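Given next are the chains, with one letter for each unit.
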Amino acid sequence: MEGNIYQIIWFVLWAVLWTGYFVLDGFDLGAGSAFYLLGKKEEEKKAIYQALGPFWDGNEVWLITAGGATFAAFPKTYAVMFSSLYSALLLLLFSLILRGVSIEYRNKYDKPLWKTLWDLGFFLGSILPPFLLGVAFANIFQGIPIDEKGIYHGSLFTLLNPFGILGGLLFVFCFAAHGCNWIAFKTNGELSEKAATLSKKFTAVTLILAGLFFFGAYLSTNLWQNYFNCPLLLVFPVLSLAGFLMIFPFLIKKNFLGAFLASAVGISGFSAWGFAGLFPNMLPSSLNPAWNLTIYNSSSSLLTLQIMTVVALIFVPIVLAYTFWAYKTFSFKISSKEN
Amino acid sequence: MDVLWLSRLQFAAAAIFHFLFVPLTLGLSFLTAIYQTLWLKTGDEDFKRAARFWGKIFLINFGLGVVTGITLEFQFGTNWRYYSEYVGDVFGPLLAIEATLAFFLESTFIAVWWFGWERLNPKVTTTAIWLTAIASTISALWILLANGWMQNPVGFEIRNGRAELTDFWALLTNPFGWSQFLHVIPASFTLGGFFVLGVCGYHLLKKRELSFFKKSFRIAAIWTLVWALLLVVLGHHHGAIVAKTQPTKLAAMEAIWETKKSADFALLLIPDEENEKNVVEAFKIPGMVSLLAYHNFNAEVKGLKEWPKEERPPVALNFWSFRLMVGLGFLFLFLGLWACIRRNSPENYPLLLRLLIINIPLPYIACQLGWIVAEVGRQPWIVYGLMKTKDAVSPLSVSQVAISFPAFIIVYGILGFVCFWLIIKTAIKGPEKEAAKTLGY
Numbered sequence: 447m448e449g450n451i452y453q454i455i456w457f458v459l460w461a462v463l464w465t466g467y468f469v470l471d472g473f474d475l476g477a478g479s480a481f482y483l484l485g486k487k488e489e490e491k492k493a494i495y496q497a498l499g500p501f502w503d504g505n506e507v508w509l510i511t512a513g514g515a516t517f518a519a520f521p522k523t524y525a526v527m528f529s530s531l532y533s534a535l536l537l538l539l540f541s542l543i544l545r546g547v548s549i550e551y552r553n554k555y556d557k558p559l560w561k562t563l564w565d566l567g568f569f570l571g572s573i574l575p576p577f578l579l580g581v582a583f584a585n586i587f588q589g590i591p592i593d594e595k596g597i598y599h600g601s602l603f604t605l606l607n608p609f610g611i612l613g614g615l616l617f618v619f620c621f622a623a624h625g626c627n628w629i630a631f632k633t634n635g636e637l638s639e640k641a642a643t644l645s646k647k648f649t650a651v652t653l654i655l656a657g658l659f660f661f662g663a664y665l666s667t668n669l670w671q672n673y674f675n676c677p678l679l680l681v682f683p684v685l686s687l688a689g690f691l692m693i694f695p696f697l698i699k700k701n702f703l704g705a706f707l708a709s710a711v712g713i714s715g716f717s718a719w720g721f722a723g724l725f726p727n728m729l730p731s732s733l734n735p736a737w738n739l740t741i742y743n744s745s746s747s748l749l750t751l752q753i754m755t756v757v758a759l760i761f762v763p764i765v766l767a768y769t770f771w772a773y774k775t776f777s778f779k780i781s782s783k784e785n
Numbered sequence: 031m032d033v034l035w036l037s038r039l040q041f042a043a044a045a046i047f048h049f050l051f052v053p054l055t056l057g058l059s060f061l062t063a064i065y066q067t068l069w070l071k072t073g074d075e076d077f078k079r080a081a082r083f084w085g086k087i088f089l090i091n092f093g094l095g096v097v098t099g100i101t102l103e104f105q106f107g108t109n110w111r112y113y114s115e116y117v118g119d120v121f122g123p124l125l126a127i128e129a130t131l132a133f134f135l136e137s138t139f140i141a142v143w144w145f146g147w148e149r150l151n152p153k154v155t156t157t158a159i160w161l162t163a164i165a166s167t168i169s170a171l172w173i174l175l176a177n178g179w180m181q182n183p184v185g186f187e188i189r190n191g192r193a194e195l196t197d198f199w200a201l202l203t204n205p206f207g208w209s210q211f212l213h214v215i216p217a218s219f220t221l222g223g224f225f226v227l228g229v230c231g232y233h234l235l236k237k238r239e240l241s242f243f244k245k246s247f248r249i250a251a252i253w254t255l256v257w258a259l260l261l262v263v264l265g266h267h268h269g270a271i272v273a274k275t276q277p278t279k280l281a282a283m284e285a286i287w288e289t290k291k292s293a294d295f296a297l298l299l300i301p302d303e304e305n306e307k308n309v310v311e312a313f314k315i316p317g318m319v320s321l322l323a324y325h326n327f328n329a330e331v332k333g334l335k336e337w338p339k340e341e342r343p344p345v346a347l348n349f350w351s352f353r354l355m356v357g358l359g360f361l362f363l364f365l366g367l368w369a370c371i372r373r374n375s376p377e378n379y380p381l382l383l384r385l386l387i388i389n390i391p392l393p394y395i396a397c398q399l400g401w402i403v404a405e406v407g408r409q410p411w412i413v414y415g416l417m418k419t420k421d422a423v424s425p426l427s428v429s430q431v432a433i434s435f436p437a438f439i440i441v442y443g444i445l446g447f448v449c450f451w452l453i454i455k456t457a458i459k460g461p462e463k464e465a466a467k468t469l470g471y
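Order-wise, the sequence lines are chains L and U.
Here the working numbering is used: the first residue of the first sequence is 447, the next is one more, and so on.
Here the working numbering is used: the first residue of the second sequence is 31, the next is one more, and so on.
Hint data in this document are derived by calculation from the structure and do not stem from the laboratory.
In this text, all values refer to a predicted model and were calculated from it rather than measured experimentally.
Keep in mind that a hint or two might mislead.
Stated by the list, open to error - Here are the simulated EDC-like cross-link-like pairs (lysine to aspartate or glutamate), alpha carbons at most 20 Å apart as the crow flies:
id	chain 1	residue 1	chain 2	residue 2
1	U	Lys274	U	Glu288
2	L	Lys492	U	Glu148
3	L	Lys554	U	Glu148
Said to hold, decoys possible - Per the computed footprint, the stretches of chain U lying under chain L, defined by three or more beta-carbons under 8 Å from a beta-carbon of chain L, are:
id	region
4	105-112
5	419-426
6	439-453
Ideal Cβ placement from N, Cα and C applies to all residues, glycine included.
Could you build the full structure based on these sequences and the hints that come with them?
Put into structure tokens, the structure is as follows:
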């Protein structure tokens, strides 16, 4: 199969969908990861749920769409990636199921034990996905042991190598900072202040882990190769670090929306850095570079890509428009005192 | 057990579990929208409370529907790798388009409806619940076009060692997918209607909130009769499409072993799969199977023996599932008619109310039976006539699936139990005195 422009378009869209997922679900997963540190009193806990209630479900659709787009545009990557990462993916799904149910059911029955159990489900279901996603993408960046037939020669524990674990921790901390920024913005009073203080700590850890990850990527991946070839791309990692750094001044000035947007830029920049470094690979083989799955050897036919492009051109702007409207509609502050 | 069997069981469990929630989502979203619209038009507070009460149950149910749906999409890749690789070019876009067109709409506007209740203009929240309902139906259409393609593959060519899309229009107009859609929608709407009627029945029997539940009952009774009627008519239409496109499924559904013209329909029939015959065949209606399947008394119906054993679907499971489903369908028509006749004073007919309560689980069972016929009846093919299920499974180790399958059963079992418990509790508690002063969380 020879290359065509639609393969590149769909690689970019694929990266955009994942980035959108990290940025959007990132804050509600992150807020859930910091749940026990943020919410001590019942009113605070309730306020956290209220701050995420209208958004988490729509945010998770980005994951479904990223999965669906992988299937539609790069079926071979979808097939090999999902079957190779079998255990990690199912663990991710179970976590998300537990979490969704926890958010939905927690406040529909008024008994302390009921709430305590769903709170635990919410926390576990929020902290596991970023860790698993971080581990998965760190491994995708450095390549996984797949042979020429795309058969995976490893196990769940193959993925838990130092670079993979570093990726997992990085995702947990940057999502947690992002989530705290959201809570700082969406609530007021003590809870908002507590979230801002926590965000500073998480951001500091994020910066250290991101630095280590960038360096680790130099040692154990080929991601930087594209940056040596095209230094212009360096704007992505610079943007990422600048975004994370800008969280501090915004928090100090108590501009929490600014801090939230800064963490969104930090995550987007990081994600863009990873995907731009991966290009044109989608799932490198750690056994032999000739067995890498690339946009050229794993994509759908030209017709399918063209149809999908038309669908995306029509519907993505519509989706973005009403998503933005919904965020604006629900951007009011939630008080942790009332109720 | 091997990876193939474990994967099949796991997918079946995930699909069955997902479809415990889907039909109520489809049906109850529209009924909630109708109640809310009636409130907007008439100003009747009971309809406002109805929208909030049925909508809350809808929401509890919706949550599990969403999260179990993600699993299904991902399982094509995790457990059916060679299927995904071989047909992804044709099948993948249908899933991706479903997510883009329907899921964003559904999840955004259900949140606008529930959380905007106190803050937004009622016209906006009414629009939001209609959009949610419409989005869930759009989602059903795309997923059934996807499933319809597995049943009756169209619009592709085998190129580069895989199925490649050649005709997108054929994919969109696949008669099998559309007739499945036209069967699933009335089935789901009937289930939603009977759910409301059953819950109303419970409260009316106890003489609680009479005015409220009488109003809910009246609307649901008309709704249910209309859809139960369409269910039977369009279900028959779907059967005819199956006869045309999937002769092995038809033969298994009707337990027909020998090819014959003017095939009889036996009211009482017990198939004997091992000996390839029927032990009992009594009360025959001459030529009825031919008439139902091909609209012609003399039409030839192919028997199972036309195909080698390894190309036939399991007979007894398909036969019994189909029979029971059809029987239930007629029961729904009868109950729907009765409820509709008594729609203005249902509280005076305790027998009807009791039957409606007992009936609540039956549409759920009928839906599952229908899916068993659709999916088990397609075997041994994963894509009818194109790819066998055994060639589609991922190269996983037995231990991976031997751990994940029981994990599915345990997690889904617990969550399903909690969900239904919460639905029953909310339904029994009845509507709030005032339509929801507090936010949802």
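So, going through the hints one by one against the coordinates:
Using a Cα cut-off of 20 Å, the hinted pair U/Lys274 and U/Glu288 holds, with the two alpha carbons roughly 18 Å apart. With a C-alpha separation of about 18 Å, the suggested pairing of L/Lys492 with U/Glu148 holds against the 20 Å cut-off. The hinted pair formed by L/Lys554 and U/Glu148 meets the criterion: a straight-line CA distance of about 18 Å does not exceed 20 Å. Using a Cβ-Cβ cut-off of 8 Å, 6 residues of the region 105-112 of chain U lie near chain L, which meets the minimum of three, so the contact claim holds.
For the region 419-426 of chain U, the stated coverage by chain L holds: 3 residues have a C-beta nearer than 8 Å to a C-beta of that chain, and at least 3 were required. For the region 439-453 of chain U, the assignment as covered by chain L holds, since 5 residues bring a beta-carbon within under 8 Å of that chain's beta-carbons and 3 suffice.
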